[in-house]
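The whole structure should be built from the sequences, with the hints applied where relevant.
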Amino acid sequence: MSQRLPSLLLFLALIAAWEAWCRLAAVPALVLPPPSAVLATLGSEIVSGRLWPHLAVTAAEMALGLAFGAVLGLGTGILLAESPRLSRLLRPYILASQLVPKLALGPLFLIWFGFGMTPAVAITALICFFPLMENTFTGLTEVDAGRRDLFRMLGASRLQTLLRLKLPAALPVIMAGLRVAVVLALVGAVVGEFVGGRAGLGASIIAAQSVMDTSLIFALFVVITALGMIVYEAVRAIERRVLHRYSKG
Amino acid sequence: MDEGGTPPIRPSASLGTTFPARGKEDPGLAARCANAVAPQDDEGAGLRQPALDGQAPFVAIENASYRYRPAGPPIVDGIDWAIPRGAIHCLLGRSGCGKTTLLKLAAGLLLPSGGAIRIGGAALGGPDPRIGFVFQTPTLLDWLSALDNVLLPVSLKRRPRAADREAARERLALVGLGDLAERRPPELSGGQQSRVALARALMGEPDLLLFDEPFAALDAITREELQDDLLRLCALRGSTALFVTHDIAEAVYLGDRVAVMAAGRIVHAQDLDLPRPRPHGLRYDPAFAAACRTLRGAMDGAG
Ligand SMILES: Nc1ncnc2c1ncn2[C@@H]1O[C@H](COP(=O)(O)OP(=O)(O)OP(=O)(O)O)[C@@H](O)[C@H]1O
Ligand SMILES: [Mg+2]
Numbered sequence: 001m002s003q004r005l006p007s008l009l010l011f012l013a014l015i016a017a018w019e020a021w022c023r024l025a026a027v028p029a030l031v032l033p034p035p036s037a038v039l040a041t042l043g044s045e046i047v048s049g050r051l052w053p054h055l056a057v058t059a060a061e062m063a064l065g066l067a068f069g070a071v072l073g074l075g076t077g078i079l080l081a082e083s084p085r086l087s088r089l090l091r092p093y094i095l096a097s098q099l100v101p102k103l104a105l106g107p108l109f110l111i112w113f114g115f116g117m118t119p120a121v122a123i124t125a126l127i128c129f130f131p132l133m134e135n136t137f138t139g140l141t142e143v144d145a146g147r148r149d150l151f152r153m154l155g156a157s158r159l160q161t162l163l164r165l166k167l168p169a170a171l172p173v174i175m176a177g178l179r180v181a182v183v184l185a186l187v188g189a190v191v192g193e194f195v196g197g198r199a200g201l202g203a204s205i206i207a208a209q210s211v212m213d214t215s216l217i218f219a220l221f222v223v224i225t226a227l228g229m230i231v232y233e234a235v236r237a238i239e240r241r242v243l244h245r246y247s248k249g
Numbered sequence: 001m002d003e004g005g006t007p008p009i010r011p012s013a014s015l016g017t018t019f020p021a022r023g024k025e026d027p028g029l030a031a032r033c034a035n036a037v038a039p040q041d042d043e044g045a046g047l048r049q050p051a052l053d054g055q056a057p058f059v060a061i062e063n064a065s066y067r068y069r070p071a072g073p074p075i076v077d078g079i080d081w082a083i084p085r086g087a088i089h090c091l092l093g094r095s096g097c098g099k100t101t102l103l104k105l106a107a108g109l110l111l112p113s114g115g116a117i118r119i120g121g122a123a124l125g126g127p128d129p130r131i132g133f134v135f136q137t138p139t140l141l142d143w144l145s146a147l148d149n150v151l152l153p154v155s156l157k158r159r160p161r162a163a164d165r166e167a168a169r170e171r172l173a174l175v176g177l178g179d180l181a182e183r184r185p186p187e188l189s190g191g192q193q194s195r196v197a198l199a200r201a202l203m204g205e206p207d208l209l210l211f212d213e214p215f216a217a218l219d220a221i222t223r224e225e226l227q228d229d230l231l232r233l234c235a236l237r238g239s240t241a242l243f244v245t246h247d248i249a250e251a252v253y254l255g256d257r258v259a260v261m262a263a264g265r266i267v268h269a270q271d272l273d274l275p276r277p278r279p280h281g282l283r284y285d286p287a288f289a290a291a292c293r294t295l296r297g298a299m300d301g302a303g
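So the sequences go chain by chain: A and B. In this text, residue positions in the first sequence follow the UniProt record's numbering: the first is 1, and each later residue adds one. In this text, residue positions in the second sequence follow the UniProt record's numbering: the first is 1, and each later residue adds one.
Treat the hints with caution; some may be incorrect.
[What the hints assert, rightly or not] Ranges between beta-carbon positions, derived for each pair:
hint	chain 1	residue 1	chain 2	residue 2	range
1	B	D142	A	R4	52 to 62 Å
2	A	Q160	B	R237	18 to 28 Å
3	A	L79	B	R293	53 to 63 Å
4	B	R237	A	Y246	28 to 38 Å
5	B	Y68	A	Y246	30 to 40 Å
6	A	Y246	B	R159	22 to 32 Å
7	A	Q160	B	G125	14 to 24 Å
8	A	L12	B	P186	33 to 43 Å
9	A	S97	B	G176	29 to 39 Å
10	A	L9	B	R161	53 to 63 Å
11	A	L12	B	R159	24 to 34 Å
12	A	L79	B	P70	24 to 34 Å
FYI, nobody ran anything at the bench for these hints, they're computed from the structure. Glycine included, every Cβ here is placed at the ideal spot set by N, Cα and C.
See below:
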């Protein structure tokens, strides 16, 4: 706790400076609301219960997109690592699919999937796919030759080598990919809602913008950031538990 | 590996006649070299070297060669070698002379570009469960306990039973790690990891053990302890072993017969007439020093 104290103090100082500047320089609330106003808005959104459905929608999109993207990325990574032929054939296309700006796909997804959660889930999945695939592929192909020779000597089948050697050995790299994917999932969900969302934190930002409610936009930033931090820390905790068996001591 | 790369199997009839004969009368180029360099070595009198009359050697490397690239130089260049059942042979050579490559050929991890490897008379076409390989690094699985690492040869075949666990614990106790069975490799010292790897190689009850400088990274005293462990374990089951090292004293201490390899060929070989089991203090014996000196001369001569 004492290690976090300086970081907490800095946060309070920044908030105080922001509040002071807003009051002393008489910044219009439309441009930059003071933290006290943001807090008040946030409080009323929470108390009135208007916030929760949006939070739930965004969290659901995030979870679904992450699940689809991660499973697909993991599977593709395994497939490409196990089949160099397939890898040579498909990698340029996979790379191309990642180089297309995801936001630019938004309008297209809107046409394909209509308004609602689906386009946001699709964008999130597409974004989460890549770090998982890339890390799975790298992790699996980097298993050292000595251990592979060991499994050959022990007469292990290809499936056994994958399940008992390659995947466990690659797990730290795969988990690092998952950590990146989780952060990107939130970006994907919010951005997806910008384009075609009816509900959710991203859609709420667009709605707040249309009525020039700057302090609501800030309040939503706070919620999105908090959501991201909670999910990230949760993944870190899972990672520590899973990788506990790999570490020294 | 594709079967197309397997060299044609030579008719075994020719083998039956050449091999027993070679053991008795014609020791081959390598052994002739040995006699030239080591006159004190009365040939064929290796203590544990059983007579080969009427039976093929357990391991027969017949004119084996290997190239990593078809157009590249041969890394193993026409090596003939025979190991009788129960013997421990050592292979000495400088870094890069092709020792690991030869060992991988003997293990079936690589298939020879020319010649053949026979184990118990049958040509080797790939990795064989009868062969245990102890690699240059311990190659343990970090996410498993020492015990589960030792159990790996069994657990890849079936669910380990209580008896298997007991056997694995026994092996760990034999290499002096009885108390550390539940530790994971990252929590073990380098020497302890080497011991786990040794115990694991013995778990599959292999008929042939191949060692690739397994103790190279250890301090002298730990290495001597492990050498004694190894000899004890081999003697227990009468295992056949081929041990690669660049340490002359290690080769002399362990081997019934020692060969020197240079540039992919065997340039010298000699039997060692030292007592078994190795007595305490053998390392300071004049006969031991003489053997080391001869081998050193052979290695220097090899360039
Ligand atoms: N996979 C490979 N592809 C191409 N060349 C290789 C490969 N592995 C080894 N070589 C070459 O073959 C030669 C012999 O290598 P090898 O590993 O058998 O040597 P070594 O005698 O075991 O050496 P050390 O004592 O350093 O382990 C070296 O010149 C090396 O560069
Ligand atoms: Mg080597």
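Checked hints:
no., hint, in the structure
1, B:D142 <-> A:R4: 52 to 62 Å, "violated, 31 Å"
2, A:Q160 <-> B:R237: 18 to 28 Å, "holds, 26 Å"
3, A:L79 <-> B:R293: 53 to 63 Å, "holds, 58 Å"
4, B:R237 <-> A:Y246: 28 to 38 Å, "holds, 34 Å"
5, B:Y68 <-> A:Y246: 30 to 40 Å, "holds, 33 Å"
6, A:Y246 <-> B:R159: 22 to 32 Å, "holds, 24 Å"
7, A:Q160 <-> B:G125: 14 to 24 Å, "holds, 20 Å"
8, A:L12 <-> B:P186: 33 to 43 Å, "holds, 41 Å"
9, A:S97 <-> B:G176: 29 to 39 Å, "violated, 55 Å"
10, A:L9 <-> B:R161: 53 to 63 Å, "holds, 60 Å"
11, A:L12 <-> B:R159: 24 to 34 Å, "violated, 58 Å"
12, A:L79 <-> B:P70: 24 to 34 Å, "holds, 30 Å"
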